[in-house]
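Model the placement of chain B on the given structure of chain A, informed by the hints.
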Amino acid sequence: MVTDLRAFDPEVLRADFPALEQSVDGRSLVYLDNAATTQKPRAVIEALDHYYESDNANVHRGIHELSRRATEAFEGARSKVAGWINAGDATEVVWTRGTTEAINLVAFAHGLDALGEGDEILLSILEHHSNIVPWQLVASRTGARIRWIEIDDDGEWVLDDLPELVGPRTKIVALNHVSNALGTINPVERVIEHVRAHAPEAIILLDGAQALAHMDIDVQALGVDFYAFSGHKVCGPTGIGALWGRKDRLEAMSPWQGGGEMISVVERDHSTWAAVPHKFEAGTPNIAGAVGMGAAVDYVGRVGKRAILAHERDVVGYAIEALESRFGDRIRIWGPKALERRSGVVPFSLDFAHPHDIATILDSEGVAVRAGHHCAQLVMKRYGVPATARASFYLYNTTEDADRLVSALGTVEKFFG
Amino acid sequence: MADSGHDSGDRTDPKLDSLYQHLILDHYKSPRNRGEVDDPTVEIHMLNPTCGDEIKLTLRVENGRIAEVKHTGQGCSISQAAVSMMSQLLDDRPLDDAGRIAERFTEMMHGDEEAKRDRSMGDLRALAGVSKFPVRVKCALLGFDALQEALKEIGAAT
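Taken in sequence, the protein lines are chains A and B. All letters in the first sequence, in the order written, are residues 160 to 576 by this note's numbering. All letters in the second sequence, in the order written, are residues 896 to 1053 by this note's numbering.
Simulated from the structure, these hints should not be mistaken for laboratory data. One thing to keep in mind: the hints can contain errors.
Some chain B residues close to chain A (C-beta under 10 Å, calculated; not the full set) [as the list claims (entries may be wrong)]:
| hint | residue |
| --- | --- |
| 1 | 915 |
| 2 | 944 |
| 3 | 947 |
Each pair of labels, with its calculated beta carbon distance range [what the hints assert, rightly or not]:
| hint | chain 1 | residue 1 | chain 2 | residue 2 | range |
| --- | --- | --- | --- | --- | --- |
| 4 | A | 320 | B | 989 | 55 to 61 Å |
| 5 | B | 1030 | A | 477 | 26 to 32 Å |
| 6 | A | 170 | B | 995 | 55 to 61 Å |
| 7 | A | 327 | B | 933 | 51 to 57 Å |
| 8 | A | 466 | B | 1030 | 32 to 38 Å |
| 9 | B | 986 | A | 312 | 39 to 45 Å |
| 10 | B | 1030 | A | 231 | 41 to 47 Å |
| 11 | B | 933 | A | 349 | 31 to 37 Å |
| 12 | A | 562 | B | 1030 | 21 to 27 Å |
| 13 | B | 933 | A | 543 | 24 to 30 Å |
| 14 | B | 989 | A | 296 | 45 to 51 Å |
| 15 | B | 1008 | A | 296 | 43 to 49 Å |
DSSO-like cross-link-like pairs, simulated, lysine-lysine; straight-line CA separation at most 30 Å [said to hold, decoys possible]:
| hint | chain 1 | residue 1 | chain 2 | residue 2 |
| --- | --- | --- | --- | --- |
| 16 | A | 573 | B | 924 |
| 17 | B | 1033 | A | 540 |
| 18 | B | 1027 | A | 573 |
| 19 | A | 573 | A | 496 |
| 20 | B | 1011 | A | 573 |
| 21 | B | 924 | A | 540 |
| 22 | A | 573 | B | 1033 |
| 23 | A | 540 | B | 951 |
Quantities reported herein were computed from a predicted structural model and do not represent experimental measurements. We put the beta carbon where it would ideally sit given N, CA and C, even for glycine.
Bound conformation, chain B alone:
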């Protein structure tokens, strides 16, 4: 089961235990904010061509705040958990915060220790272990790539 990976007596790789924590698998199996926003301000489709992972991110912006954010798509546990956690954190946030969160998360993926301890990153902190798997960093960043694109489009529109 989901939590047997990190608390069973068997010797699994500790790096692996930190990659596939309960919280990450929980977001993967029960993604938050899954679906599409009605009447979105912006809609971004992001594809990782090397692995086929895809995310469609829809946002509704009201008075400079993210009023609603949803995602659909398919892919590995890391890409799907990361976008679920991201959507949770973005809900009802000012747009300025969204850009900061994206930057902070990118720092975390590059191994920045301070970013890993940043409590304002919410569940996303559970993904800090991904930085030890360089080939998986792209997976974690897919949702944020979509967010950056969305912010660019909103910026261009306003």
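So that you can see chain A by itself, here it is in the shape it has in the complex:
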């Protein structure tokens, strides 16, 4: 366990992640698929173990000791998450399975009621499918229309169109804070300001799945209505995430799933709802997941996101330079050119090999990357490619990892170059 993290040392941090200490096909693992999911530090794994070994019980139900402890751990984790994103109050944090469920919650619990024929939802083509498809489902039921912010060749939003895209018909604005496909750190502040000025009725949701792991998030300073995120992309377990929502917004919304926990009184002909956030948490929640996410908040909080982002910039800058100097104009690195506009994501194409062949060969050298459309088919279509390869770096990756990537791509060249 690392105690003093003031001096950021990825080699020391690495030792906290048991999964990184393994070999794949006889070569030490280089894990560069962090945008898909991060590895878990021992502190998170131990929190899950501890919960199941000593505190396991259902929450908010039992009078007994274990239920009391489980409830305390579960609600304690909620408070930690709330503090981490500077929520006004812990009751503004609704536990969900992840970002996808959080966005669906807003789409169905708010969108179905708020949207009507001819109303508009503003998205960007840089969205992950999980911030597109829920809105299509809701638009098709309400007659609302989706409008799109386009992207330029460097993966940046084209905001000159905003005056045309935002107006009194705009009822929902749902945008990613950081792109999973290109790594762009989006200028959300500019859009928020414009929307507030020209579409005062619109609610704004940010998809923070790719932002929370790298940036300090202050939902109040951002001035949005909803912020959605996942635990597993920030060193927490899979199957847990949250929706932060402004209290008045959450209170005005109808429940979207019915069941235990979310009710106050059940009669034969009607029921009344529990207070926010429980109104949106039907059924037994992922208690262990929440506890694990609390541990992840503690861990990543101790490392410090400013240090993480600074380190990622060093490694990403090194990797991009190494890739470009090795492959010249046969490699295309997608996304913003300026390092400060980019997270840890480095998507690339080689003109001599298909992304799947690249990923298979890298895997045989122990280097894990993702190949495919990254749940962002609109981005792939914009650039006229069916797929890309994507290396994504996190706090435990080093320049040696970048060297291993470049060297493994040399093997791709041997077969396909």
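Frame of chain A; chain B shown alone:
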């Protein structure tokens, strides 16, 4: 170059050498029967949504035989080499044979040793190594999925 992968002195993974054999890379770089058949009996568009690989297969059937078969599309070396090899083998074959070849190839992808040695499978035998890469089996089968669909449509039409 294409053949430096399997005969260079460097230690590359032998599993990888068997996956990316010269013959496979040759079909990938110079696909056989690429294009579209004029006046096709059947035309199938097959997409692997998880990776974006796509194949359009067109066939002309005359007197119960495949008179002409062509393919277009894009994707990884495995999907494109497999459909090229398949088209080579299907040319001027009775329809019954086509179904058998598709079955045999599926067996090969599931690691069936006998199927791997089946000489009637032609160049397709070079793809036997794909069975050791479970996530790539779908790539190899994409063209055959299109063929199975085509055979169903022809069966329904006749």
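Verification of the supplied hints:
1. With a least beta-carbon distance of about 5 Å to chain A, the hint placing residue 915/B at the interface is held under the 10 Å criterion.
2. Below 10 Å, beta-carbon pairs count as interface contacts, and residue 944/B has one with chain A at about 9 Å; its hint therefore holds.
3. Look at residue 947/B: its Cβ gets to within about 4 Å of chain A, closer than 10 Å, so that hint holds up.
4. A C-beta distance of roughly 58 Å is found between residue 320/A and residue 989/B, which places it inside the suggested range of 55 to 61 Å.
5. At roughly 29 Å, the beta-carbon separation of residue 1030/B and residue 477/A lies within the given 26 to 32 Å, and the hint holds.
6. Checked against the hint of 55 to 61 Å, the C-beta distance between residue 170/A and residue 995/B comes to roughly 57 Å, which is consistent with it.
7. The hint said 51 to 57 Å for the Cβ distance between residue 327/A and residue 933/B, and at roughly 55 Å that hint holds.
8. Judged by the Cβ atoms, the range 32 to 38 Å given for residue 466/A and residue 1030/B holds: they are separated by roughly 35 Å.
9. Taking 39 to 45 Å as the suggested C-beta distance range, the pair residue 986/B and residue 312/A conforms, at roughly 43 Å.
10. Hint check: residue 1030/B to residue 231/A, Cβ distance near 43 Å, so the stated range 41 to 47 Å holds.
11. The given range of 31 to 37 Å is broken by residue 933/B and residue 349/A, whose C-beta atoms sit roughly 54 Å from each other.
12. Between residue 562/A and residue 1030/B the Cβ separation comes to about 26 Å, which falls inside the hinted range of 21 to 27 Å.
13. For the hinted restraint 24 to 30 Å between residue 933/B and residue 543/A, the CB-CB distance of approximately 28 Å keeps it satisfied.
14. Separation of residue 989/B from residue 296/A is about 47 Å and conforms to the stated range, judged on CB atoms against 45 to 51 Å.
15. Taking 43 to 49 Å as the suggested C-beta distance range, the pair residue 1008/B and residue 296/A conforms, at roughly 48 Å.
16. At most 30 Å may separate the alpha-carbon atoms for a hinted pair to count; residue 573/A and residue 924/B meet this at roughly 15 Å.
17. Between residue 1033/B and residue 540/A the alpha-carbon distance is near 23 Å, which keeps this suggested pair within the 30 Å criterion.
18. Distance check on the hinted pair: residue 1027/B and residue 573/A sit about 21 Å apart at the alpha-carbon level, within 30 Å; holds.
19. The suggested pairing of residue 573/A with residue 496/A holds, with an alpha-carbon distance near 28 Å, which does not exceed 30 Å.
20. Proximity of residue 1011/B to residue 573/A is assessed by CA-CA distance (about 26 Å); at most 30 Å being required, the pair is judged to hold.
21. Restraint check for residue 924/B and residue 540/A: satisfied, since their Cα atoms lie roughly 24 Å apart, inside the 30 Å limit.
22. Proximity of residue 573/A to residue 1033/B is assessed by CA-CA distance (about 24 Å); at most 30 Å being required, the pair is judged to hold.
23. This hinted pair checks out: residue 540/A and residue 951/B have alpha carbons roughly 19 Å apart, not beyond 30 Å.
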